[in-house]
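Number of protein chains: 4
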Amino acid sequence: MVKVGVAGYGVIGQRLADGVALQKDMELVGIADLAPTLSIRALKERGMPYDLYLVEGADKAAFDAAGIPVKGCFADLIGKVDIMLDSSPGGVGAKNKERYEKAGIRAIFQGGEKNSVADVFFHGYANYEKGLGAQYLKLTSCNTTGLIRSVDCLDRKYGVDRVAITIIRRVADPGDYHRGLTNALQMDKAPSHQALDLMTIMPHVEATGILVHTPVTHGHIITVVAHGKQGKIRKDMALAAFKAHDRIRVVRIEDGFLGNASFFRYARDLGNPRGDMYEIGLWEDSIVESGDHIMYAINIPQESVTIPETMDAIRAALRMQPDAASGTAETNKYLGLGKWK
Amino acid sequence: MVKVGVAGYGVIGQRLADGVALQKDMELVGIADLAPTLSIRALKERGMPYDLYLVEGADKAAFDAAGIPVKGCFADLIGKVDIMLDSSPGGVGAKNKERYEKAGIRAIFQGGEKNSVADVFFHGYANYEKGLGAQYLKLTSCNTTGLIRSVDCLDRKYGVDRVAITIIRRVADPGDYHRGLTNALQMDKAPSHQALDLMTIMPHVEATGILVHTPVTHGHIITVVAHGKQGKIRKDMALAAFKAHDRIRVVRIEDGFLGNASFFRYARDLGNPRGDMYEIGLWEDSIVESGDHIMYAINIPQESVTIPETMDAIRAALRMQPDAASGTAETNKYLGLGKWK
Amino acid sequence: MVKVGVAGYGVIGQRLADGVALQKDMELVGIADLAPTLSIRALKERGMPYDLYLVEGADKAAFDAAGIPVKGCFADLIGKVDIMLDSSPGGVGAKNKERYEKAGIRAIFQGGEKNSVADVFFHGYANYEKGLGAQYLKLTSCNTTGLIRSVDCLDRKYGVDRVAITIIRRVADPGDYHRGLTNALQMDKAPSHQALDLMTIMPHVEATGILVHTPVTHGHIITVVAHGKQGKIRKDMALAAFKAHDRIRVVRIEDGFLGNASFFRYARDLGNPRGDMYEIGLWEDSIVESGDHIMYAINIPQESVTIPETMDAIRAALRMQPDAASGTAETNKYLGLGKWK
Amino acid sequence: MVKVGVAGYGVIGQRLADGVALQKDMELVGIADLAPTLSIRALKERGMPYDLYLVEGADKAAFDAAGIPVKGCFADLIGKVDIMLDSSPGGVGAKNKERYEKAGIRAIFQGGEKNSVADVFFHGYANYEKGLGAQYLKLTSCNTTGLIRSVDCLDRKYGVDRVAITIIRRVADPGDYHRGLTNALQMDKAPSHQALDLMTIMPHVEATGILVHTPVTHGHIITVVAHGKQGKIRKDMALAAFKAHDRIRVVRIEDGFLGNASFFRYARDLGNPRGDMYEIGLWEDSIVESGDHIMYAINIPQESVTIPETMDAIRAALRMQPDAASGTAETNKYLGLGKWK
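Protein chains in written order, with this note's numbering: chain A, 510 to 850; chain B, 510 to 850; chain C, 510 to 850; chain D, 510 to 850.
Simulated from the structure, these hints should not be mistaken for lab results.
A portion of the hints provided could be inaccurate.
As the list makes no split between identical chains, a pair holds if one copy fits it or if it spans any two.
Stated by the list, open to error - Simulated pairs of lysine-lysine, BS3-like, Cα-Cα distance not exceeding 25 Å: (1) K850 - K553; (2) K842 - K752; (3) K842 - K553; (4) K850 - K738; (5) K744 - K698; (6) K589 - K533.
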């Protein structure tokens, strides 16, 4: 049993912890955080299913005042694990890395850290093999993770050599108050980092893109214009590939999937914890052809989409499975991915 | 075991079904609906934990095409139950009532129906006794249900004779596309129906109020200015009463409950199904005194707040418990209400 | 002096009337409407700068009650004009057309009507010549109008044979309550009608696209991926063409044009009536190249963008100017377009 | 002619400048700012109707690069004026005050500064006389300014001794990206500062209140529960008083004033510069009685509402008119306030 710890129990950290807890070949040793946030208070109200460790600078008295039991300090947690999943606020992970190095443990960082923090910039499907045995890995961000799933899916089957993307980005998560946007669409300087990141992971693809922030909290929507390397990818070809993928849920507007909030509603109705979805959505009714290009739209559930690929990263780093096919299959099995098919 | 059916498996209907399923002294016989909505599709993906019956006008072929198993027709469901919870779209319940009358079964309607559909306009705490043995009951709407919880709580302890409310109303639920509001606050003609409804349920209180629609999906916020019948209700008095109530969760801004979305976030983190909350929230930091008045703010989780009082209504209609204290206590036990204290 | 009437004094109608009033070679005879809306009440408070005529079905008593002077009925207005600009609610224009035919006057319909209402589907730059002497013309919708400006601009200079667009659509106008969207992005079935409409106007271009509705009120944003017919259109080439266009304002994020709301803010600060802008915005920082494609983002001020092309349509229908160059130049002169350069 | 300068040409500063320019007994000498913002760029595109002076720390080269003519430095402007209107970002005004003191000129600060910056906390109607001859005044904030208009209006006529308010606050202005809120209502700790400020200006009134932030940009809505000192203020009494006030526009939902965005729409249709409104809105259909209390709702156009009271403050500080009645009347005349009646 691989022993795993989680640093930073925020939006991503909670889901990483839950994800690890579902992997039958991993053990979640505990989580670490700084302050008695709402999420930590909820953990207490749930009866502390996960042990809590305090990172440096934490105000122990505040935890005591809230009646939240503490198992130990960050060093204690580090001392008990094989690998740490670091979902601390951006920049903190780089500092934590010094501790991981001293303790000789592996670590996986999330998209908020700089690429230089890691040896490998990782995606479970697109470059699993690069992660094999790696000491420090960094996951692609939520948008890039979901985007690559769809582009890699087409690329494996038909070859893709160029994509142009438009990211319609959600600006906050449900419950956020510190960032937000009101009645405005905000432009980012192009090209978007997601297009650049895609080229880092899939260097044989030329990518560019524009990102626009929108005032919503449930799921990004990305449109992709893709060019087939070996000729036109037709709608039926793309659809067949997408439907066969375990982390892509193909849906139709006419069935009630009217937009990004429909996925959130559906996940809640499914009884998924937190109303989360690990898979990206892909609208069958969005797929259109233009000349030798194909265009389609996907939905990225930003809070949970990187969890499966992070589990893949653990599998790669610790050589639990030898390749992308077996590594992602094991993750999918434990997370129930693809079972809707 | 009281046998219960649910007509209309929408936002409220799903939660009624789940609520009944949690009551150890009730049995959920099944649910009825018209079309293979997202919620029905989710039920299928979950393996049909509840039997599905089709109401008149349903297109059976559409259900077959989606692979959704159907147990029978609406008449079949009606024939098997003691009481029906009707959460059909507004106006449909009144038509369904004719069927319930013919079948000689009881029914409980939701706030969308006219008051005339029922013998008793019901609230679990404020007038449980009026519902005892009643054939047809109508629940107060989501805002009124939560509002009355708080006013009744003060009234029972200290006496209240006048309230003036401001309802800051959410305009849609997560996943709604057919109603919405963009960058506007919309006024309703005053007085708001919630103030009038409060006076129907609590005739000894004089109430008025103004309602403003806001473009959000998570939880209404209501401010209440209340006058004590027997003298001023001080902050400490109000706080003590609120904290003792099993369906009121007293929170503080400084602990992270910054607004309505914090409750949604917290409920998700708690692992509550669908991220729902049965209790209303009440901000300790919002309670202020002014002259002989007290003012405070509450949060109403619109999707789920009426579920407990609907369970109370079943208990009253079927004389399962003799009074508000025992009826609400039984509901609270099965729904886990008040356990956070 | 060409005599012009406006039917329907709503969001578009008001701006058409103001636009005509600015053309020194046209005379605004009056406007027609059905009810004493806010816009009509504002007209009264301004002292009735435009004469008001009532369409059939209007409740004269309601206008009297509000003290709004009425000049005559719809037939009176029709009898006085050479051409009618019809911005009635969708579908009403088709009915009005019967009256225009009987009176033997020309008419120009807006994007809400079906194409079949008109002889020519019109855009001032892209097919002015087709409108010459036409009896009935229909303008492209707001998005299509702005989109074609930019594509035609590149096409004239360098040749364009294929575009793929993503429309990030505003869902309501400021002051709308009857339509709206709250915390959701909504998908339309692809391809979007704007892509199809572009091909109708510019049949030598192959176009496809995806449209996503967003909960904002100020300006659509469209991303365009375009392919040069005679080879790659580089960023510097595109920029030069865009900067030379009188209805395209090239801006930079770093200068403070952060998104769609910046244009609205800027137009208000400019003192433009209603905070309107006739030109589309184009972000220099959004232009990127990918392979032999160019990609860029534009801003469409939905309330006012079609006004210049509607003025062009009057010029074409009445053969006031013989070609696109002279017709659009005359419109631009009176509307002050391009003077920022 | 009183010579006036404006420091800080942002949302408020622009409107102060425009407001002064409309006063026939005042002269706007110029405005001062730090950076070539969108508003300054718009000033340039308009042909520099106001002279621009640069405050300390401004990057002259950036203005030159944008082709914006500069008249002089902040000291130059200070040297030419009798009084400065300081609408710099919060906290900067306090620093600027040192310069004003040295130069021996008067100044009026906006709501973002601390009360201690000024000798008098001022409202044109409620305490004009306190401002007579004062060297440094601070205006009430936008919400407090509008709120006091309505409470003072009732108080003058009938006496008011207690109010409880609920502020439904807009969270950003059109064109803001740096602050915002997405799909959430955010609570402030009670009592709101506006209630406390009201008591400072009107010490004979006891006030409390709760403020909730909402994700919109057009206008705050405030509900007021007020108690008459000399007995109940009935709806007809309140209505008569409100209708007679030159800075309160009484409207009805049924006439089309459905919410806060309707005022913005109406002001745009009126042709008001920037779509601004100096008056607050008050819904006739919102006025309700409860026991010996009256309740009503007002709309606060946050960008422009403090302009009239700031003009009043100039009149008081420079003893241009001796009392509230004559001072506010002069301001109203030049701003066209009350002419809708």
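Hint check results:
Taking the shortest Cα distances, K850 and K553 sit within 25 Å of each other only across copies (12 Å), while inside one copy they are farther apart (37 Å). Taking the shortest Cα distances, K842 and K752 sit within 25 Å of each other inside one copy (17 Å), while across copies they are farther apart (45 Å). For a Cα distance limit of 25 Å, the shortest separation of K842 from K553 across copies, 20 Å, qualifies, whereas the shortest one inside one copy, 29 Å, does not. For the identical chains of this complex, K850 and K738 are neighbours neither inside a copy (29 Å) nor across copies (43 Å), given an alpha-carbon limit of 25 Å.
Taking the shortest alpha-carbon separations for K744 and K698, only the inter-copy value of 14 Å comes in at or below 25 Å, while the best intra-copy value is 31 Å. For a Cα distance limit of 25 Å, the shortest separation of K589 from K533 inside one copy, 18 Å, qualifies, whereas the shortest one across copies, 43 Å, does not.
When the structure is compared with the earlier hints, a violation turns up for hint 4 alone.
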